[in-house]
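Each chain, written out:
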Amino acid sequence: MFRYVLRRLMLAVPVLLGVSICVLLMASLVPGDPATVLAGDTASAEQVERIRRDLGLDQPIPIQYLRFLERLAHGSLGESTRTHREVLLEITDRFPYTLALALGAVVVSTILGIAMGIFAAVRRGRAADYLTMGIAIVGLSVPTFWIALLGIIVFSLNLHWLPVTGARSPQSYILPIFALSLHSAAVKARITRSSMLEVFGQDYLRTARAKGLRERVVLLRHALKNALIPISTIIGLQFGSLLGGAFIIETIFGWPGIGRLAVQAIFNRDFPLIQGTVLVGAVTYMLANLAVDIVYAWLDPRIRYS
Amino acid sequence: MRGSIRVSAIPSAAAVAVGRRPGTLVEFLQRARRSPPFVIGAALFLGVLLMAALAPVIGVQDPIAINIRERLAPPSVRHLFGTDDFGRDVFSRVVWGSQLAVRLGTLSVLVAVSGGIVLGLVAGYYGGWVDQLISRIFDLIFAFPYLLFAIAIVAILGPSLDNLVVALGLFGWAGFGRVIRGSVLSARQREYVEAARAVGARPSRIMARHILPNVVAPVIILSATRFGGALLAGSGLSFIGLGVPIPQPEWGAIMATGRDYMGTAWWVTVFPGALIALAVLGVNLLGDGLRDLLDPRLRDA
Amino acid sequence: MPRLLSVVPLVFVVAASCGAPAPAPAAETTSKVGGSVTFVAMTDPDTLDLHQTSNPVSSTIFGWIYEPLVYQDLDNSYKGLLAESWTVSPDSKTITFKLRGGITFTDGSPFNAEAVKFTFERLQRLGAKSPIFETFKNVTSMEAKDDLTFVMNMKDPYAPIFHDLQVSYAGILSPKTVRAANDNISRTAIGTGPYSLKEFQTGQQITLERNPGYKWAPALYQNRGAPYVQELRYRVIAEPATQLAALDAGEVDVLGLRAQDLAKYANDARFRVYDSFTFGLTYLGFDAKRPPFDNAKLRAALARAVNKAEIVQVVFENKLAKAQCCPIAESIQGYDTRLKEFELTFDPARAKAELEALGYKAGADGLRTMPDGKPFKPVLYTTTSDTHGKIATLLQAQLKGVGVDLQVKQLESGALLAATPKAEHDLYLNGYSWNEPDMFSLFLSCDRVTSSNRVLYCNGDLEKLIKAGRTELDQARRMQIYYDAQKLTMQEAPWQPLYMPVSKTAVNAKVLDLKQGQAGGLYWHDAWLKK
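Protein chains in written order, with the numbering used here: chain F, 1 to 306; chain U, 1 to 301; chain S, 1 to 531.
Isolated chain F, as found in the complex:
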């Protein structure tokens, strides 16, 4: 197992290098440079040129990339062109907020999704099944921003239960987490239902039942374990959409997360910060998926990593 983890971590290195090269290519292709943006709309050409020189942007792109790698080797992601602070510092200020949203959404959507899925599966073909799955598929079909705005109108403006914006109190986490959870809860409910139905028809479950175990235990032990494999895949993917997916929610709720930081960095052509946020997103995604693969092995003893 240890060697497997090590191997996976080593495989991650070329992928991360690839990601950073993609960011660099994107950066060199987009119109506008940080100097133009920083100088603003009243600046002279000379001001822009001077800023460009100060930022080292007069260097060719490959040289800039080598500089980046050199800094990276020393454990630094460089300095944001916009705020003049260490990129790492900018990210550590914001990342916990996004991570809290993501973890909250994983927990809420998993519990909600599994509960709905089990409920529908044991009542297969009955009204409760159709109703639950109907709710799930509507949850899949409604845009997230719409749910978020409705949540604000109902829970903040009409009921005065929850704050509209910011991340200052535990209550302020509820709406964003809920809005971020609905879509993946629906996905998980559907998967739970179908993988449980699949297990219901299989032999080992009949055996377990025949051995006289109570039906509830059978359900939980076997069927759920089967459902957890695809669900952990979804959880891994949820971390993949951490930056982009959270952006709209972060914008609507005024959330101080890394998604908004990344999009602002794009608008400001703040390349060190874009590199930093994208890399942190990619690393989080890869670690989450490694964790998922380890969970697989625990869930299904037939899977062995070498």
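Hints may be right or wrong, so weigh each one.
[Unchecked claim] Calculated from the model, a selection of chain F residues having no Cβ within reach of chain S, i.e. all distances over 10 Å:
no., residue
1, ALA115
2, PRO163
3, PHE200
4, LEU287
[As the list claims (entries may be wrong)] Partial chain F-side listing against chain S, Cβ under 7 Å, derived:
no., residue
5, ARG3
6, ARG7
7, ARG8
8, GLN47
9, GLY166
10, SER169
11, THR251
[Claimed, not checked] Per label pair, the in silico range of CB-to-CB distance:
no., chain 1, residue 1, chain 2, residue 2, range
12, S, THR104, U, GLY263, 44 to 52 Å
13, U, ARG69, S, ALA263, 12 to 20 Å
14, U, LEU110, S, LYS374, 46 to 54 Å
Keep in mind the hints are simulated off the structure, nothing from the lab. Here the structure is a predicted model, which is why all the values come from computation and not from measurement. All C-beta atoms in this analysis are idealised placements derived from N, C-alpha and C, irrespective of residue type, glycine included.
Got chain F; can you put chains U and S on it based on the hints?
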């Protein structure tokens, strides 16, 4: 296969990795008729397609003609869905918007499928270092925050349907590619493929004749999900002002303008919002129905 | 960004010199002190380094923390703030400032001529991102003659100098703090202003707290001492729908309203709506460098197809903007009603006739083709702002009325700033915010065609007028120069001026004694909160 196992990106399709070639069309349709998700989904999807095709007939009022004397008029016989803040007929805008929705969904899925098929087939068929390389590319694409990339493309190149299609389609490669690679890996073990290889058939011929048919089912199912995903992502981008250029009547863009009038003119948001939800619901149900019909294991369960 | 402008506290920049501080009765002062007021910011300030940004949110924050030497009074004249008085040498190249004594920075160090010299020399050294960087390139040397005498020598006479010295970017830094921080003051801000920085929670909120030692407030206010409101907060909320919800829920106390919000807040007892106009203008520009819009006649013909009244009505409900005739908005000195006769007023019939005469003939579908027979589809470049999108939608319809098929391309600001110097566009929709007629040198001069002159218009006669206006210190002669410059611009039509934004700000009714300014914003120094 390399050390890790991985369930495909879209689990509903994962179960289909070992697809069975569907029977004749007639047999298929007979079974399909008895599947409520398929029937409802197909009806909704066809409805959207029809709306798009018949837009010039149904949406008789000019969807971009401004009439400032009739701003924010409530639904009436003259304006079935009311008018927006420029006095444009919301019904016509929603109807013409279906063309954009169909184009966005179809084109972005096509971009994703074509890239996914090439990469997935090659990776699955050749295996070895080719597979390793392509799998790393998939990893890279998955690890890259795609919505962020979409936002960057559209923000920087300017809002346009083409930019949206490219942004959403490129990142679908990996999703389709992984599913197809999985299907190919299992199909490659089949006897008829072994046989074809034994008699010396060219790889391209084997892929086209023997392997490609096996991946059709998962691709169709995944396409349905992706179509809906593209509509949702497109409307999300439009909502933050990064969708299609004005004055095109994209559904998310109509909703975005309407959010300022939610208290006073609900019709500007509710109708396009309902259309997005119905269209996505349609393709999701269609995908469910197809999965049930094409996947033997689930059907027998 | 009208929303941002509406919360700019130009206010504290407004502080006068005359008279000794006359503190209000102590009992009353203490009873009023306390509470907090929350504003909205669209984004984080990028940095709090006064010299390394042109960001509007940063500028707003600077307005509370830092004070410049001078301020612009309601009648557009300049008065001393940290300076008590000044003299200008006969050749107009040397200004000697007499500074006010007894002022301290919030780090306890004294304000003096050395601090002024230190600040402006730092601006010359590090300030390439500052909007007043170019101003200080003209400054050849500076001298702290004694503790309270500061002398500034310039290469050429420069008329807009006092305007440039009153912007919030021209505030005075505490040398002690800057030296201690080794020049890195991106999150440190120590000035002489009525508030000081308490906390900067990135992406979320900036908190300022009252400077209890402040006792040099201008005579404009009843309160000559420290402000009453204990804390000011800027909450970062980008989404307009959320900003409104936050105002409704009481999480935010002050918000610039959009046209569609006005009706709702006009009769809401929880809020009071304050009006003020702005020092800015939004215009429709034509790329004057590239064919076909290098032809002034074509520019004028299209300008006549623009219905400003309709834009102001539909996009601004006739409340949040006022249609303008001339390149200098009516709030800015240099505006002259006599220029109205040169305005290219809305006249679609004449626009059509002029287009016909230029060879732009209408086809069967009513749309015009170019004289060479190619379809005429000019492209308008503008920002992704909602307001500009709406105006572009109307312009599209208005130009269609004369047979012109206008295309619209909305670009995010970085891409837009990069696109215009390359003359990729045909038309350009944007605004300026600059309370000085010298805005001509920024937006319409030959020097700036590769940068801030986004219509790439360069005219030798106008260039002479712009240069003359910069160095002419006689007010009457200077205004005549800008009369001529505007007349020329209106006839040549690189711009069709559209409107001056007006701001309406909803403020929570708990705020009392808030003064409504004539222009630029609200006057907070007397304000206190109902307990």
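Tell me, in ascending order, the numbers of any earlier hints that this structure violates. 2, 5, 6, 7, 10, 14
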